Amino acid sequence: DAKTTQPNSMESNEEEPVHLPCNHSTISGTDYIHWYRQLPSQGPEYVIHGLTSNVNNRMASLAIAEDRKSSTLILHRATLRDAAVYYCILEGRGEGGSEKLVFGKGTKLTVNP
Amino acid sequence: EPEVTQTPSHQVTQMGQEVILRCVPISNHLYFYWYRQILGQKVEFLVSFYNNEISEKSEIFDDQFSVERPDGSNFTLKIRSTKLEDSAMYFCASSPYLGGKLFFGSGTQLSVL
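These protein sequence lines map, in sequence, to chains A and B.
For the first sequence, the numbering used here assigns the number 1 to the initial residue and increments by one for each residue that follows.
For the second sequence, the numbering used here assigns the number 114 to the initial residue and increments by one for each residue that follows.
Just so you know, not all the hints are guaranteed correct.
Unchecked claim - Some residues of chain B that are not near chain A, with every Cβ distance over 10 angstroms (derived): (1) Asn141; (2) Ile151; (3) Gly185; (4) Thr189; (5) Leu215.
Unchecked claim - These stretches of chain B come out as covered by chain A in the derived footprint (C-beta under 8 angstroms, 3 or more residues): (6) 125–136; (7) 173–181; (8) 203–214.
What the hints assert, rightly or not - Cβ-Cβ distance ranges computed for the label pairs, FRET-style: (9) B:Leu197 with A:Gly29: 38 to 46 angstroms; (10) A:Lys105 with B:Thr126: 22 to 30 angstroms; (11) A:Asn112 with B:Ser186: 38 to 46 angstroms; (12) B:Pro115 with A:Tyr32: 21 to 29 angstroms; (13) A:Gly29 with B:Lys214: 32 to 40 angstroms; (14) A:Asn54 with B:Ser179: 36 to 44 angstroms; (15) A:His76 with B:Ile167: 37 to 45 angstroms; (16) A:Thr30 with B:Ser179: 29 to 37 angstroms; (17) A:Asn56 with B:Ser224: 22 to 30 angstroms; (18) B:Gly129 with A:Thr79: 19 to 27 angstroms.
For the record, the hints were derived by calculation from the structure and aren't laboratory data.
If you're wondering where the values come from, they're calculated on a predicted model, not measured in any experiment.
For glycine and all other residues, C-beta sits at the position ideal for the given N, C-alpha and C.
The task is simple: from the sequences and hints, build the whole structure.
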């Protein structure tokens, strides 16, 4: 499984933007970049995913580097409810690719009031 | 928004006993998954299920584990003879198509005594 590297933890203040980085230097051309988050005592929750172009949805934006070796999840205005562990996951769809998502340790985001 | 439902939320059992964890995936989803998370550790993939058969399983998913979709709505995980190390939060997930976003349930906390 292609690996990702994320900081163990980050802090932000409420109502400020948050940029969560992820490195995936071994990404292959058919790997999708997924972001999930896990709030305390809950199951993982889908945030966003993309392949090459930047993506926006109501929860966040995903900025993907031109060489695709890194990406950044952007929360435009952090709220206390955004405090969670954020996982950056590569999903391979090419030949031999797996349909499962492999979770790493993620980044624990703390949001200060 | 539709959601994946898991029951029970907590299950306590004695070592060596059989347990069945139940999940109701989102209607019209086709891909089903079980993950588990031991306290303080990563979310780990156990098994994926499509078209009434296992499509992929991890090393954790040994002969003590089985999955079933008995009636077209429920999706169950059975552990035949539980061990202490099976104590974990078990998450069910479903997806409408391969590579689609996964919808996770809120989990069943299994405690093996």
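Taking the hints in turn, this is what the structure says about them:
no. : hint                                       : result
1   : Asn141                                     : holds (17 angstroms)
2   : Ile151                                     : holds (12 angstroms)
3   : Gly185                                     : holds (21 angstroms)
4   : Thr189                                     : holds (17 angstroms)
5   : Leu215                                     : violated (6 angstroms)
6   : 125–136                                    : violated (count 0)
7   : 173–181                                    : violated (count 0)
8   : 203–214                                    : holds (count 5)
9   : B:Leu197 with A:Gly29: 38 to 46 angstroms  : holds (44 angstroms)
10  : A:Lys105 with B:Thr126: 22 to 30 angstroms : holds (29 angstroms)
11  : A:Asn112 with B:Ser186: 38 to 46 angstroms : holds (43 angstroms)
12  : B:Pro115 with A:Tyr32: 21 to 29 angstroms  : holds (23 angstroms)
13  : A:Gly29 with B:Lys214: 32 to 40 angstroms  : violated (21 angstroms)
14  : A:Asn54 with B:Ser179: 36 to 44 angstroms  : holds (43 angstroms)
15  : A:His76 with B:Ile167: 37 to 45 angstroms  : holds (41 angstroms)
16  : A:Thr30 with B:Ser179: 29 to 37 angstroms  : holds (32 angstroms)
17  : A:Asn56 with B:Ser224: 22 to 30 angstroms  : violated (42 angstroms)
18  : B:Gly129 with A:Thr79: 19 to 27 angstroms  : violated (46 angstroms)
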